[in-house]
Amino acid sequence: MKRHLFKYARGYKLETVLTPTFTALEVLLEVLIPFITASIIDSVQAGDMMGIYKNGAIMLVLAFLSLVCGALAGKFAAGASSGFAANLRSAMYDNIQTFSFSNIDKFSTAGLVTRMTTDVTNMQMAFQMSLRIAVRAPLMLVCSMVMCFVINAELSMIFLVALVILGCALVFIMSRTFKLFEQVFRRYDALNASVQENVSGIRVVKAYVREEHEDEKFRHAAEELRRLFTKAEGILALNSPVMMFVVYGCIIALSWFGANMISVGGMTTGNLTSMFSYVMGVLMSLMMLSMVFVMITMSAASERRISEVLNEKPDLTEPDDPIMDIPDGSIDFDHVSFSYAHGDGEETLHDIDLHIKSGETIGIIGGTGSGKSSLVSLVSRLYDVDSGEVRVGGIDVRRYDIESLRDAVAVVLQKNVLFSGTILDNLRWGKEDATLEECKAVCKMACADEFIDAFPNGYDTWIEQGGTNVSGGQKQRLCIARALLKEPKILILDDSTSAVDTATDASIREAFATKIPGTTKLIIAQRITSVMDADRILVLDDGGVSGFDTHEKLLETNEIYRNIYETQTQGGGDFDEGKEGGN
Amino acid sequence: MPGPMRNRGPRVKVEHPGRIMKRVLSYMLSNYKWHFAVVLVCIICSAAATLRGTLFMRTLVDDYIVPVLNEGTGDFSGLASALASLAVTYAIGIVCAYGYNRLMVTISQGTMRNLRVQLFEHMESLPIKYFDTHAHGDIMSVYTNDVDTLRQLLSQSIPQLINSSVTLIATFFSMVFLDVPLTILTLIMVGVMLCAASKIGGLSSRYFADQQKDLGALNGYIEEMMEGQKVVKVFCHEEKSVERFRELNSRLRESANNANSFANILMPVCANIGNISYVLCAAIGAILSLSGHWGLTLGTLVSFLTLNKNFTQPVTQMSQQVNSVVMAMAGADRVFRMMDEEPEADNGTVTLVNVRENDDGTLTEVKERTGNWAWRDDKGGEVKYIPLRGDITFDGVDFGYTAEKTVLHDIKLYATPGQKIAFVGSTGAGKTTITNLINRFYDIQDGKIRYDGVNINRIKKADLRRSLGMVLQDTHLFTGTVMDNIRYGRLDATDEECRAAAKLANAHGFIKRLPDGYDTVLTGDGANLSQGQRQLLSIARAAVADPPVLILDEATSSIDTRTEALVQEGMDHLMNGRTTFVIAHRLSTIRNSDCIMVLEHGRIIERGTHDQLIEKKGRYYQLYTGNAIGED
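Chains A and B are the protein sequences, given in the same order. All residue numbers for the first sequence refer to the numbering used here, where the first residue is 2 and numbers rise by one. All residue numbers for the second sequence refer to the numbering used here, where the first residue is 38 and numbers rise by one.
Chain A with its partners taken away, still in its complex shape (with noise of 0.2 Å):
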């Protein structure tokens, strides 16, 4: 685990320390162990009772000091990891909380949702993994070898020789293994892919009777991860016998030299046994260290998806002294130029320069990727311009607070959702202390009343998450009263009334005009319907203005607005719309 994630521990740093501090208390208690032994063996030998009952009560309270060590370190590693896990969750969502709009488009809801959830459970486990057995085997391997060179030096090369054999085999299984692996996963992210791709395309996989196509190309690739996965497991399968190789030879080498040393009496019989238990200590913990280094590299791709989103600057920046008070709802755009990647790649708007007056009821119409929405995103500083300038109250939004800024500038998203919750507890985003009379006005404006009151648990009616209970037009209409609740001194409809049927619209659209006459409102519609009784109408086409007056005005002199109208109205419109002058 790379050291910069290790700094999520804070807050835990007394578990974090513990932990292995414990973790070494243990190993220190369990390598004596064998060394007691020896004299309980060499005791019987030489037939002094009395020392196998001292040594047997030492042994017993290093067991018991052992055990207690062991469960802290334990119960502090759950309590730092738990801690970290906690932390990094926490340092994510902060983060994510400060993300501008460009940085939200850069991750999908899907990955921010595993990386918070899948991807910190991994690193949790590696985290308490590395904490644990990260210490405690390098000090097993470590105090074991010391051990046995306390006991009998000369034979303690046997060690050195076995522990540079597995150390070689070990490193070639884990390289060899290491980009298997890597393979392995990528393919499996892939098999799931498809997976999913299925899932969400089943209508037309069974349109088109595909399901045995689709079969045949999952069986392909089943089997290809199946090759590939037996092969790095199978690798990974010498990894035992190798060590069963190199205990076994210890034990045969320390058999004939160990008798043979006894015999001339250069050491004790429960000398050997205390060596033969330090060989398996000492290659365990080697092959501890194999699985924590496996463990940490399949982590390694959840820590790559975890900083990527800690990482992640946020890419609008408070001013230094922020002016919190919007003084109208004027709004001008300066020579604006944008896009979204900041300066390479094709430009979004270019060269925008509008002047809205406080108060005026503004249309925008234009094709897919004409830049209305791009447009409209600016005035709330949702994304900052590349060159000119936005300026809401004749002052640069650069230079407001960001927060009263977006207070004073109510946007309604074109991809719109509503929380879990009641209608009233949705409404209340809006503004937190809103009565229920402020809510059912704001209501009543947008159309919705009507069918709140038709709920049988009215205002209180509870919305299920993403607002799967009410249809798309009522979901509409209660995220514009939502925004209304704001108060705003300026209103962005974004495409927000697609849902809504012709006749409702119209009557929205005229609430807005007798009851917020001050509110400047920006409202975006494909259907030129919903634009034509505007004050002026914005056409956008490719990015730029293409004509910005009057119905009357632009039907005389745009040739595009004038497209729109007579397809609209003409033949190629859209049916679920109003339609005027028909055939």
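Check before you lean on any hint, since a few could be wrong.
Each computed DSS-like pair below joins lysine-lysine, with the alpha-carbon atoms no more than 27 Å apart [claimed, not checked]:
| hint | chain 1 | residue 1 | chain 2 | residue 2 |
| --- | --- | --- | --- | --- |
| 1 | A | Lys218 | B | Lys404 |
| 2 | B | Lys267 | A | Lys107 |
| 3 | B | Lys346 | B | Lys236 |
| 4 | A | Lys8 | B | Lys277 |
| 5 | A | Lys218 | B | Lys166 |
| 6 | A | Lys416 | A | Lys516 |
| 7 | A | Lys218 | B | Lys267 |
| 8 | B | Lys346 | A | Lys55 |
For the record, the hints were derived by calculation from the structure and aren't laboratory data.
Go by the hints and put chain B onto chain A.
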């Protein structure tokens, strides 16, 4: 449509773990019986080799070292050959160890492949209803999480459990052989160990259940907030959102801490009770040996101490495996649940065949593709060929996604070959539902749907669907080249035919401008294409299939005017000469239709041509003139 049922967080409780385990094992054994038998033999041999080594300690000490020490003379002539024979035993043990480890890889990976393939094939056979009523995330998690826990079970837990139990049994008999009193002592200590393990394990699994619940709650919250992150931004709701997150996060931290604490304590407790057992054996064995009871020699004691370690270690390992086995059982439960879902039933016998028309007007079935199709009906032993024409009738059809709630009432309609039928009406009126019935994505509750006079229930589903083309509102493309995606419509289409279809669908122009033309690889559901381009491709896909009947769901989502004109034209080309059911949004489509069905609340309330309906001044007229007042 019923909303997706979401079950948050993995269920921890499994109802019949024994039965599930048996099923998992039978999966493994069905294809790898002999492999597995060899594995068992290898494990036993390898354990025996280890055991022989342990017992050799006794020989070493009693037969060689002690006499040397007592008599002062070294006679190690026998030792060399004893060690050599031990080396041979060890070599066999090592070979066996490699054998079973390697074989286990083959078995577990092979079983995993079979399991995956079977799971996938079964999933493909499930009815659309399954996908409509299960959250896609939950289906995916069966593949990503549950199958993975099974992999760990097969490749790690099961071999380790077998190995541990073999070691345990072998060691037990050796201990009895060496010394009975010390064996009893060891058994008592193992009893203590098991007691402690089950106590701690019980506490741990209770907290694990809490942890899963809290994890589920947190996951749900994160999912919801991430989905609405942009809304959070525009409402400056960040602090609120963090507040609730903190609460859930710290709750999870606490339960994770508890659950892991107990799980972590388990191992050192078991291991150290093992140590205590070792110490007691050493001390008591030493006393017994000194006092000369039961003839316990020093060599026996040394061997026994190693056996003691060998006996307690597998117990510790097995207690550690318990948790992962429980988790794997929960995963297996979900895997099997999906496998046990009822596949799409198909009782149809009428098939679609290629025919050639004889001079006398009769039809002869042929193998090759002729472009002429007929329904082959074997009813009553007599083979009858009915030419495929695209004649569809609905007669008094009722339908509901659930038995309790009927969403379509008494639908009657009639489409003669080549006719274009448009469905209009507000969202939720039942337009999409009707199209789901023609291809039998869902089965009707009452009434009849006939295709060229044949009840569609009697037609084999695959053949029925092959005769219907579908262009859905949400286009789904597959990983592969543009050409592959077009060919999805008909797998044996030549490149030329695919290009022709693309031209017909107006897709040729943009495909040519792609970096690699028709060989451009699409990934992630065609994420690198625009919405309009994806629609053009799905039209081309339907065009290459060249079916007599089309079901079109016109996209409402607005695409730019130029592409929209292309899509419109492509659709028109495609509809030409085919019976078409279209869920219409565009005025031109509707006006060109032979018959317009106006749907409301699952009933056809008006029908007729555009002019007739305008004249009628009913609901259609209201919709058309935009004076409709009402709910969507």
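Sort out which numbered hints this structure fails and list those numbers smallest first.
7
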